[in-house]
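> What follows is the residue order along each chain.
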Amino acid sequence: MPRAETSTLQTVIELQDLHKIYGSGQAAMHALQGINLEIKEGDFVAVMGPSGSGKSTCLNILGCLDNPTSGHYFFKGVAVDGLNRNQRAQLRRHYLGFVFQGFNLLSRTSALENVELPLIYRGIHVREREKISRQALNAVGLTGWEKHTPAELSGGQQQRVAIARAIATQPAVLMADEPTGNLDTARSNEIMELLVELNNTQGITIVMVTHEPDMANYAKRIVHFRDGLIESDKKVEK
Amino acid sequence: MIWDTFILALREIRRHVLRSLLTVLGIVIGVASVIVMVTLGNGATAQVTDQIASLGSNLLMVSPGKRMGPGRDSTAAPFKIADAEAIAREVSSLNAVAPSANKSATAIYGNANWSTTLTGTTNEYLKVRNWSMATGREFSDDEERAGSAVCIIGDTIRKELFGQEDPLGQRIRLGKLSFQIIGLLDAKGQSTMGNDQDDIVLLPIRALHRRIVGNQDVSLIQISVIDGASTEKVQQDIEALMRERRHIASNEDDNFQVRDMKEIATMLTGTTKMLTALLSAVAAVSLLVGGIGIMNIMLVSVTERTREIGIRLAIGALEREVLMQFLVEAVVLSSSGGLIGIILGLLACFGLKDVLQVPFIFDPGIVIIAFLFSAIVGVVFGYFPALKAASLDPIDALRHE
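First to last, the protein sequences are chains G and F. The first sequence maps to residues 1 to 238 in my numbering. The second sequence maps to residues 1 to 401 in my numbering.
Everything labelled a hint here was simulated from the structure, so no lab data went into it. In this text, a Cβ means the ideal position worked out from N, Cα and C, and glycines have one as well. Mixed in with the good hints, there may be bad ones.
As the list claims (entries may be wrong) - Simulated DEER-style distance windows between Cβ atoms:
(1) G/R127 with F/L22: 18 to 26 Å
(2) G/A27 with F/G365: 38 to 46 Å
(3) F/D396 with G/E38: 27 to 35 Å
(4) G/T185 with F/R320: 42 to 50 Å
(5) G/D233 with F/D396: 43 to 51 Å
(6) F/L352 with G/Q90: 53 to 61 Å
(7) G/D233 with F/W3: 55 to 63 Å
(8) G/K147 with F/W3: 21 to 29 Å
Said to hold, decoys possible - Chain G stretches covered by chain F per the calculated footprint, using a threshold of three residues with CB under 8 Å from any CB of chain F:
(9) 79 to 90
(10) 98 to 106
(11) 119 to 130
Required output: the full structure, derived from the provided sequences and hints.
In structure tokens form, the structure reads like this:
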């Protein structure tokens with residue numbers, strides 16, 4: 001997909017003065033202290049920051065896995081903070097894909113069946129499901145590994161399966177939480193190149209949390225968090 | 001969607017073969033043991049009831065001596081044939097009165113010998129015991145009066161001494177004397193107490209008295225009361241008559257006893273019923289233990305699988321879809337365990353009924369109860385822990401280690 005002018009692209013994610021407080025009273029931990037962020041369609045955002053800066057908390061809220069304490073989160077113009085559990089699950093099901101640091105694949109389940117999982121919840125028919133899953137595995141370069149279980153795959157391959165699972169549903173946004181955190185440099189670069197390719201060719205919006213500057217540089221935009229606030233928000237010069 | 005949930009549940013079962021097998025095994029053992037215990041117990045009760053009926057209905061037994069407690073009878077003067085004759089003459093509503101006396105002896109034919117019990121009695125004995133002849137004839141009046149050396153043998157004696165040979169008309173030696181076989185009794189099989197009822201040789205009572213024991217004692221008088229008459233009334237009449245004949249003063253206790261077979265029957269069926277209840281209770285405990293096994297496995301697996309539930313929720317599964325999957329999984333596992341248990345239990349009953357010689361009585365109630373119990377245990381303990389896990393925030397479930 002050729003890149004259009006940024007200004008004409010639709011806003012997918014908009015955060016307004018987002019707060020997240022864990023615990024209460026003396027023990028209260030202010031993880032997010034007023035985040036304002038806008039992410040447009042087709043963007044590739046790397047969220048960086050030291051441990052405890054709130055970057056993962058923010059990603060979990062973006063991924064509708066967690067609720068903000070206050071503030072607003074609009075996903076494609078819809079206020080997510082007003083949705084109930086099931087509505088948020090529906091939103092995850094239809095618009096979001098997840099890639100985690102720990103891969104989070106179902107053990108003892110073949111790569112193909114892992115990729116099929118979100119499609120089953122979407123109610124896609126068996127044959128269609130298998131076709132899409134094979135295509136997704138092909139897209140991440142795992143053709144021929146369909147029947148292997150996570151235990152039989154290397155870390156890099158497992159993360160590829162996780163990416164295939166995330167993109168099989170053609171999500172609007174792919175959320176990646178330290179996708180290269182458990183991988184060596186060579187595998188990390190492969191995964192990042194795969195994400196860049198998905199972003200370029202399929203136009204999938206990617207929000208990725210990382211603390212490695214090398215990985216962040218693959219993105220188009222880097223947002224720095226510090227102490228629950230956005231410290232900087234820069235475009236990456238290529 | 002239901003079909004997809006079913007597929008997901010089956011995949012889970014397949015992914016954890018060992019865990020699934022253990023879960024199923026608990027239910028299988030519980031259900032099978034309950035079914036075996038109850039079915040065999042019912043069979044045993046039915047068998048006892050049957051055998052009591054075959055002993056003869058409305059049977060009273062009069063024996064000398066007073067029962068002092070379990071297995072202890074006081075000694076007292078034995079009856080004479082005249083006592084039995086007096087009962088037959090003076091008590092009304094009687095069908096038959098059979099005096100009898102016993103003596104153990106070795107029966108010898110050719111070079112075969114068999115140690116058995118000789119019963120001296122009259123033709124009335126067959127009437128009282130509801131026993132018919134397979135072949136041959138009963139004693140004639142002359143033979144009874146004269147105490148002739150003739151005998152009627154039970155089926156066990158025929159088998160042991162004659163094999164395939166026809167015993168009728170043959171002579172066997174009982175003790176020192178030779179007796180001619182005039183009849184063969186129908187086979188009755190084992191009694192409730194486990195002794196062989198066919199191991200019997202009947203002689204005219206006077207033949208036993210004169211030729212073998214050398215006294216006039218009658219150790220037991222068996223009486224059958226006509227249908228519809230009150231056994232209580234007859235029992236009282238007999239007691240009164242015997243007190244008179246035995247010269248018992250009104251302030252003395254009886255030195256004989258009259259037992260009603262109905263009482264013994266009630267006692268015996270009561271005992272087997274109690275045994276069945278006891279065995280069923282043991283089986284119910286094993287079902288319960290099986291249930292606790294399932295509970296454990298389900299609880300552990302849900303705890304183990306909290307992270308997996310987190311993954312499912314994160315990629316867009318609804319809470320109720322995750323729950324439905326666990327529910328289907330629990331239902332499939334516990335009901336297949338229940339079914340296997342029922343099949344194994346019934347097969348075991350079929351196998352054991354010949355070994356234990358107990359009739360097979362199918363009780364659909366217990367099958368249904370055992371099955372429902374296993375299904376409910378599986379569902380409850382599969383569902384509720386899952387309910388807890390699925391209600392977590394996906395991110396908490398994912399972080400769960």
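> Could you tell me whether the CB distance from G/R127 to F/L22 stays inside 18 to 26 Å?
Violated - the Cβ-Cβ distance for G/R127 and F/L22, about 35 Å, lies outside 18 to 26 Å.
> Taking 55 to 63 Å as the stated bounds, is the beta-carbon spacing between G/D233 and F/W3 within them?
The hinted range 55 to 63 Å is violated for G/D233 and F/W3, with Cβ atoms some 47 Å apart.
> Go ahead and decide if the range 38 to 46 Å is satisfied by the Cβ distance of G/A27 to F/G365.
Since the Cβ atoms of G/A27 and F/G365 sit about 59 Å apart, the hinted range of 38 to 46 Å is violated.
> The hint says 53 to 61 Å between F/L352 and G/Q90; measuring C-beta to C-beta, is that right?
57 Å, holds
> Within 43 to 51 Å or not, the Cβ separation of G/D233 and F/D396?
30 Å, violated
> Quick one: are F/D396 and G/E38 within 27 to 35 Å, going by C-beta?
28 Å, holds
> Take the C-beta atom of G/K147 and the C-beta atom of F/W3, compute their distance, and say whether it sits inside 21 to 29 Å.
Given a distance of about 23 Å, which is inside 21 to 29 Å, the answer is holds.
> With a cut-off of 8 Å between beta carbons, are at least three residues of the region 98 to 106 of chain G near chain F?
Three-residue rule met by the region 98 to 106 of chain G, so holds; n is 5.
> Okay, the region 119 to 130 of chain G and chain F, do three or more residues pass the C-beta test at under 8 Å?
Per the Cβ count (4), the hint holds.
> If you look at each residue in the region 79 to 90 of chain G, do at least three have a Cβ nearer than 8 Å to any Cβ of chain F?
holds (count 4)
> Check the following: the C-beta atoms of G/T185 and F/R320 are separated by a distance inside 42 to 50 Å.
43 Å, holds
Violation of the numbered hints given earlier is confined to hints 1, 2, 5 and 7; the remaining hints are satisfied by the structure.
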